[in-house]
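**Student:** Sequence:
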Amino acid sequence: MQTSKFYIPGSTTSVEKFLESDSMYYLWCPVNTIFHNSKIQALGKEKTSISHANLLNAKRKLSALEEIEREKIGRRLDVIYVASDIELGGLEVGPKVDNTKEFQDSMLKLPFVLKDMLTDLINHRPSLLREAHVLGYNINGTGITLLDMDSYKGNVIRVRRSDKLVYPMTDDDYVLKIVSILELAAHGKVIVDDTYDLCCNTRVRPSADGEQNVVPPSFIPNNSQESSSASSAKKKNKKK
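Numbering of the sequence shown is given in our numbering, commencing with residue 499 and proceeding in unit increments.
These are calculated hints, taken from the structure and not from any lab test.
Every residue gets a Cβ at the ideal spot worked out from N, C-alpha and C, and that includes glycine.
Be aware that a few hints might be false.
Unchecked claim - Beta-carbon label-pair distances, calculated as ranges:
(1) Thr-598 - Val-677: 28 to 34 angstroms
(2) Arg-701 - Tyr-650: 21 to 27 angstroms
(3) Arg-574 - Asp-661: 25 to 31 angstroms
To be verified - Below, computed lysine-lysine pairings styled on DSBU-like, alpha-carbon distance capped at 30 angstroms:
(4) Lys-675 - Lys-607
(5) Lys-662 - Lys-687
(6) Lys-607 - Lys-687
The whole structure should be built from the sequences, with the hints applied where relevant.
**Tutor:** Here it is as structure tokens:
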């Protein structure tokens, strides 16, 4: 373990002062290195989510009257888990305890991107609607939480969060706490591996452009909502 050297008696390196990159590389490396020698890649350095970008740009079109909308880029995550061209999860890390950042990452940013990953996966493979899962990790200071997102009933997205595990700060409890973190990383790997195996054994069928999505992406209205809002706007303008 790369982290054990910091807990040898006499070590003077304080893990509490690590920067974000050091924290990810030295302390929380098991959640990424567990995928070594597998088909899953843990891509870091603030990678943009392609699934999120595709859904943001799904409504871009050429028009003879209006200027084409500029292409949008997806949200950036500290780590994205990818196999082949399939995005299967992501990770956000903050080096210090910050309740505001934890709320934004764990409750807003990370779930939005994970939902778009799940949406993209299911829209191409509708038969996996109730079986596919995507993985998320939120690291805030010395704590880590696992997010497991799926649509087990087919009509709502469910996010399950593990209890927060705290990283060991002394050599007294290092072994017990690091074993729990390794167990969490193993559980996350099972989630990703199972979904990837399902994707590899499911054929992506051709579909016509404009077909209704199986799972609507985050905060993008469907056609019926757009038409109703447009008609209500027209009625208001007529009244004026």
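**Student:** Could you tell me whether the CB distance from Thr-598 to Val-677 stays inside 28 to 34 angstroms?
**Tutor:** 31 angstroms, holds
**Student:** Going straight from one Cα to the other, do Lys-662 and Lys-687 come out at no more than 30 angstroms?
**Tutor:** 18 angstroms, holds
**Student:** Evaluate the given range 25 to 31 angstroms for the C-beta pair formed by Arg-574 and Asp-661.
**Tutor:** 27 angstroms, holds
**Student:** Could you tell me whether the CB distance from Arg-701 to Tyr-650 stays inside 21 to 27 angstroms?
**Tutor:** Since Arg-701 and Tyr-650 have Cβ atoms about 22 angstroms apart, the given range 21 to 27 angstroms holds.
**Student:** Is Lys-607 within 30 angstroms of Lys-687, Cα to Cα?
**Tutor:** Given pair Lys-607, Lys-687 holds - Cα atoms ~22 angstroms apart, limit 30 angstroms.
**Student:** Lys-675 and Lys-607 were given as a pair; does the straight-line alpha-carbon distance stay at or below 30 angstroms?
**Tutor:** 28 angstroms, holds
Consistency note: the structure conflicts with none of the earlier hints.
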